[in-house]
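J.: Residues per chain are reported as follows:
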Amino acid sequence: MLRFIVRRLALLVPILLGLSVLLFAWVRALPGGPAYALLGERATPEAIAAIESQLGLDRPLWEQYLQFLGRAVRLDFGASIQTGQPVTEEMLRRFPATIELALAALLIAVAVGIPLGYLAARRYGTWIDNLAVTGSLLGVTIPIFFLAYMLKYVFAVELGWLPTAGRADPRARADHPTGFYVLDGIVTGNLDASWDAIQHLILPALALSSIPLAVIVRITRASVLNVVNEDYVRTAEAKGLLPGTITRRHVLKNAMLPVTTVIGLQLGVLLAGAVLTEKVFAFSGVGQFMADGLVQRDFPTIQGFILVIAIVYVVINMIVDLVYGLLDPRVRVS
Amino acid sequence: MSLLEVRDLSVTFTRSGSEPVHAVDGVSFDVAAGQSVGIVGESGSGKSVTSLAVMGLLPSRGVRVGGTVMLDGNELTDMDQRALRDVRGRDVAMIFQDPMTSLNPVVTIGRQLTEVLIRHAGLAKGAAKAEAEQLLRRVGIPDPVRRLGEYPHQLSGGMRQRVMIAIAIACRPKLLIADEPTTALDVTIQAQILDLLRTLVAESGCGMIMITHDLGVVAGLCDDVHVMYSGRIVESAGTKDLFARPSHPYTDGLLQSIPRIDDEDPDAVLHTIPGSARDTVAWERGCAFQPRCSRAVAECLAGPPAMAELGTPLVPHPVRCLRPVGDDVVLHEGNVAR
Numbered sequence: 001m002l003r004f005i006v007r008r009l010a011l012l013v014p015i016l017l018g019l020s021v022l023l024f025a026w027v028r029a030l031p032g033g034p035a036y037a038l039l040g041e042r043a044t045p046e047a048i049a050a051i052e053s054q055l056g057l058d059r060p061l062w063e064q065y066l067q068f069l070g071r072a073v074r075l076d077f078g079a080s081i082q083t084g085q086p087v088t089e090e091m092l093r094r095f096p097a098t099i100e101l102a103l104a105a106l107l108i109a110v111a112v113g114i115p116l117g118y119l120a121a122r123r124y125g126t127w128i129d130n131l132a133v134t135g136s137l138l139g140v141t142i143p144i145f146f147l148a149y150m151l152k153y154v155f156a157v158e159l160g161w162l163p164t165a166g167r168a169d170p171r172a173r174a175d176h177p178t179g180f181y182v183l184d185g186i187v188t189g190n191l192d193a194s195w196d197a198i199q200h201l202i203l204p205a206l207a208l209s210s211i212p213l214a215v216i217v218r219i220t221r222a223s224v225l226n227v228v229n230e231d232y233v234r235t236a237e238a239k240g241l242l243p244g245t246i247t248r249r250h251v252l253k254n255a256m257l258p259v260t261t262v263i264g265l266q267l268g269v270l271l272a273g274a275v276l277t278e279k280v281f282a283f284s285g286v287g288q289f290m291a292d293g294l295v296q297r298d299f300p301t302i303q304g305f306i307l308v309i310a311i312v313y314v315v316i317n318m319i320v321d322l323v324y325g326l327l328d329p330r331v332r333v334s
Numbered sequence: 335m336s337l338l339e340v341r342d343l344s345v346t347f348t349r350s351g352s353e354p355v356h357a358v359d360g361v362s363f364d365v366a367a368g369q370s371v372g373i374v375g376e377s378g379s380g381k382s383v384t385s386l387a388v389m390g391l392l393p394s395r396g397v398r399v400g401g402t403v404m405l406d407g408n409e410l411t412d413m414d415q416r417a418l419r420d421v422r423g424r425d426v427a428m429i430f431q432d433p434m435t436s437l438n439p440v441v442t443i444g445r446q447l448t449e450v451l452i453r454h455a456g457l458a459k460g461a462a463k464a465e466a467e468q469l470l471r472r473v474g475i476p477d478p479v480r481r482l483g484e485y486p487h488q489l490s491g492g493m494r495q496r497v498m499i500a501i502a503i504a505c506r507p508k509l510l511i512a513d514e515p516t517t518a519l520d521v522t523i524q525a526q527i528l529d530l531l532r533t534l535v536a537e538s539g540c541g542m543i544m545i546t547h548d549l550g551v552v553a554g555l556c557d558d559v560h561v562m563y564s565g566r567i568v569e570s571a572g573t574k575d576l577f578a579r580p581s582h583p584y585t586d587g588l589l590q591s592i593p594r595i596d597d598e599d600p601d602a603v604l605h606t607i608p609g610s611a612r613d614t615v616a617w618e619r620g621c622a623f624q625p626r627c628s629r630a631v632a633e634c635l636a637g638p639p640a641m642a643e644l645g646t647p648l649v650p651h652p653v654r655c656l657r658p659v660g661d662d663v664v665l666h667e668g669n670v671a672r
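Chains as they are written, first to last, in my numbering: chain A, 1 to 334; chain B, 335 to 672.
For the record, the hints were derived by calculation from the structure and aren't laboratory data.
If you're wondering where the values come from, they're calculated on a predicted model, not measured in any experiment.
Don't take each hint at face value.
[To be verified] Straight-line Cα separation of at most 27 Å, BS3-like style, residue types lysine-lysine; simulated pairs:
#1 B:K459 <-> A:K253
#2 B:K574 <-> B:K508
#3 B:K463 <-> A:K253
#4 B:K508 <-> B:K459
#5 A:K152 <-> A:K279
#6 B:K463 <-> B:K508
Hey, can you work out the whole structure from these sequences and the hints?
T.: Quick look at the structure:
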């Protein structure tokens with residue numbers, strides 16, 4: 001178990017090294033540099049040169065890379081060009097928002113997707129099944145930003161049921177010791193603040209959950225359809241077990257194996273989708289900051305954020321593999 | 335009255351847009367307590383469908399079941415699923431062909447054994463576990479306490495089939511159905527499993543249906559045999575009687591196809607039945623075996639052949655054939671149908 005974790009973490013090193021090279025080359029291949037973005041199109045060449053030397057962008061690329069790498073191992077990604085604050089600080093401030101959003105979206109996707117996929121499989125070929133299949137096709141094909149604007153327009157603007165943007169009501173007074181607003185309300189005993197944060201979370205989370213939800217519905221359905229035809233389910237029926245027991249112990253436990261893997265992979269989709277969702281709902285998380293960073297050619301921010309997201313992604317998938325081992329004794333690591 | 339009375343059982347698979355398939359048609363047989371009855375036939379003969387129909391395990395959609403199945407005086411074919419679930423696993427239990435796929439890979443052996451005890455015998459968890467340990471010991475699994483905590487993939491094929499048998503006998507069923515229980519195992523393990531089944535039936539006095547394509551299994555285990563072909567029983571007899579006097583040309587062909595170690599001419603080509611089970615005739619038109627039969631005559635295609643009784647009222651030996659083997663009529667060139 002411990003060896004498995006260590007091995008997976010060791011695997012992170014080459015992954016991150018390769019990623020950092022790609023990343024470093026890629027952001028510098030973007031047309032127009034940070035100095036240009038900062039000073040605007042009428043900047044003089046001298047001013048641009050001055051800013052570039054100030055940022056260290058005039059030195060050879062390999063030197064810049066080594067410097068970046070040397071700092072990065074100490075979790076120092078330099079200062080953000082947009083705000084002048086250290087990137088690490090910006091990250092710490094914004095990550096809780098994105099994690100909160102991604103978890104909320106994942107919660108919706110899992111809580112709705114698994115039962116719906118199961119139901120579609122058990123009612124194979126009926127209108128419920130057709131609805132689930134068509135709906136999930138729609139879910140993966142609708143672009144997030146379009147869905148996000150539609151949700152915002154219908155539920156926030158027209159019906160006025162939910163707030164249009166932000167993470168919390170700006171007029172409300174609340175402390176944020178952890179940065180996770182829903183959790184903060186509970187910790188500080190300010191349940192109104194939690195409720196407010198949840199209301200602000202619903203629409204962005206719904207928009208963000210569309211793709212993972214659709215994928216989970218499909219995988220669950222296919223997986224359940226497979227498992228109900230397995231010999232061991234017939235054995236369970238031959239034992240005269242009650243339908244509930246057969247479903248829980250013999251169908252779902254096996255059918256969940258591929259779903260677990262997919263959930264891990266969907267977290268990548270969630271982090272990518274968060275960029276667009278946060279932008280639409282002015283949800284001040286990592287995604288929004290990174291989208292702005294791209295426009296501003298904010299190299300340190302882009303590099304730092306993408307590296308951290310990569311680490312999160314690998315660690316989450318490692319956890320998924322561990323959970324998989326718990327569910328399936330055949331792959332359990334000894 | 336027998337323990338199990340199957341009368342005129344028929345199973346028809348219907349699918350919209352295509353002809354209904356009569357997988358089992360007019361099958362009748364009895365199983366007495368303590369008796370082992372073999373049902374023999376090749377793939378597609380309807381033997382497994384017969385056993386699933388007795389268990390009530392056929393899907394409800396697209397399947398029509400006719401006839402009656404009486405188990406210990408209770409009619410099973412018109413029971414609802416709720417009542418059937420009480421019967422299955424308690425009064426009638428089944429052992430399947432492939433122990434590799436018939437056990438749930440992600441649930442411990444112990445769980446898969448105790449769940450049937452908890453469900454039908456109403457045992458508490460602790461008592462069920464103690465009982466499960468006894469059951470594993472009874473089917474010859476060493477170190478049962480450790481095995482209870484293991485998963486199917488940690489056991490060999492033979493061990494898994496022993497676990498399947500332990501599950502089947504857990505609630506002391508009146509009837510045990512074994513559907514090719516040795517087909518997926520290698521030969522030495524086959525013999526052990528058959529020994530185990532023989533012992534268990536003798537000890538418990540339950541009835542057993544042995545579904546197989548292997549006449550060797552029948553010879554060593556069964557009291558009575560029914561030979562099925564294309565969904566119908568074509569010959570029924572006591573095992574000794576059947577081996578001594580195979581009367582249906584199909585049965586005769588099967589017996590001749592068994593290689594013998596004491597064969598006088600070891601280089602002789604092994605006897606086979608020509609054609610395959612696909613070369614068939616609908617029973618309504620004539621004998622389904624006719625296209626493959628060397629004794630066929632023109633009358634074989636004049637409607638469904640009736641059962642002919644070759645035995646006595648006390649020792650019946652019915653055969654569905656117009657020209658059973660041994661009942662020798664001189665062959666005329668002209669009346670060979672093909």
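J.: Next, verify each hint and record whether it holds.
T.: Going down the list of hints, with the structure as the test:
1. B:K459 <-> A:K253: It holds: about 21 Å lies between the C-alpha atoms, which stays within 27 Å.
2. B:K574 <-> B:K508: 25 Å, holds
3. B:K463 <-> A:K253: Roughly 22 Å between the alpha carbons, so the hint for B:K463 and A:K253 holds.
4. B:K508 <-> B:K459: Measuring from Cα to Cα gives roughly 24 Å; hence the hint holds.
5. A:K152 <-> A:K279: 12 Å, holds
6. B:K463 <-> B:K508: 23 Å, holds
In summary, the structure agrees with every hint in the numbered list given earlier.
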